[in-house]
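Participant: What follows is each chain in one-letter form.
There are 2 protein chains.
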Amino acid sequence: MQNRSQQTHQKILDAALVVFARDGYAASSVNDICAEAGVSKGAFFHHFPTKQTLFLELLETWLATLDLQMEAIRQEYQAVPQALIHMAELMGNVYQAAGGYLPVFLEFWTQASHDPAVWQVVIAPYHRYQGYFTSLIQQGIQGGTLKPVDPALVSRTLLALAIGLLLQGVLDPEGADWANQTRQSIELLVISIQQEAA
Amino acid sequence: MQNRSQQTHQKILDAALVVFARDGYAASSVNDICAEAGVSKGAFFHHFPTKQTLFLELLETWLATLDLQMEAIRQEYQAVPQALIHMAELMGNVYQAAGGYLPVFLEFWTQASHDPAVWQVVIAPYHRYQGYFTSLIQQGIQGGTLKPVDPALVSRTLLALAIGLLLQGVLDPEGADWANQTRQSIELLVISIQQEAA
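Those sequence lines, one after another, are chains U and W.
Start counting at 1 in the first sequence, then tack on 176, and there's your number in the numbering used here.
Start counting at 1 in the second sequence, then tack on 176, and there's your number in the numbering used here.
Because the hints were derived from the structure by calculation, they are not lab data.
Hints may contain errors.
[Claimed, not checked] Pairwise CB distance ranges, derived in the manner of DEER restraints:
| id | chain 1 | residue 1 | chain 2 | residue 2 | range |
| --- | --- | --- | --- | --- | --- |
| 1 | W | 216 | U | 247 | 33 to 41 Å |
| 2 | W | 351 | U | 232 | 20 to 28 Å |
| 3 | U | 323 | W | 225 | 50 to 58 Å |
| 4 | U | 351 | W | 372 | 49 to 57 Å |
| 5 | U | 350 | W | 353 | 30 to 38 Å |
| 6 | W | 225 | U | 351 | 26 to 34 Å |
| 7 | W | 198 | U | 301 | 24 to 32 Å |
| 8 | U | 351 | W | 232 | 18 to 26 Å |
| 9 | U | 350 | W | 190 | 34 to 42 Å |
| 10 | U | 203 | W | 229 | 54 to 62 Å |
| 11 | W | 255 | U | 207 | 54 to 62 Å |
All C-beta atoms in this analysis are idealised placements derived from N, C-alpha and C, irrespective of residue type, glycine included.
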């Protein structure tokens, strides 16, 4: 059971997602979110000092869920090539589960290019994922399942595929089966980097 | 020699690029662009009915230049794998030449997800490039330089790499040599899809 304050907190988060996805982050006001949630501005500012704080909580919740799922895959698939392909399938599910978040996250990303405070916020998870995949590729090389590629270069290539496919999926949701496309794009990359069976 | 009207037109375009790159597209006003260009609002609206018209002219000029360069590469390199790698080098130059446009283009892309009018504008060049690379991959398969892959799937993978690397380059310009990264990421993909020498 949530108490009343937790319910209000969650009600504001749910409303913000609706408003951000509909109008975009930049064009959404605290008033719009309060109207959607049916709460007062006083209640809003009791829970979130700024619109940005609220967005960051949405983002962090989403990334934390993604991290748990990636870790579960890593535990299940010891071979790095198979782990990468199952993570690609997870990305496919992201299209369904987090449809509302994605345009907002991408908008935030582009805002980072001209707002140093936003940049600080976006660069941290970006660097974290870059480090995560660099380390995963290193493990694959050491374990003999991957060729001796440049781990950081392949990590940035993986992130490019993930980001570039998400962006296309946001723009053109009906243009392809993006879950299947993501799996197959990652498989194309894995073909290049995996060690051929001896 | 440009006449005075052409000079004013160009002055507004140059000023818009400065203002968009500095403040973002959504946060930039016609007043800001007029102040930067040193022109009146009357002069602005004589040349551009809306801020969006102006942005579209910037975008179309940039894409037209890119198209000419891609066509020149296609003429020079008949083999599709080599053409793709040289196009990746061209993308590398884009980071230098069009640094100011990129965040604005990405911002526009994300706005497309919640503004049907903007969506119409962004989806057209997206579909054009998707068709261009699908056709290029088909030519490679027919010419025997590429394996019998799904051309549309590989085209979307190429676009994902291009878009995802641009986005990382915008966020973290000092994080890598993005021109070199782009060439090497495309090479990784080409390794998977090229026909092995008989």
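Participant: Which of the numbered hints above does this structure break?
Facilitator: 1, 4, 10
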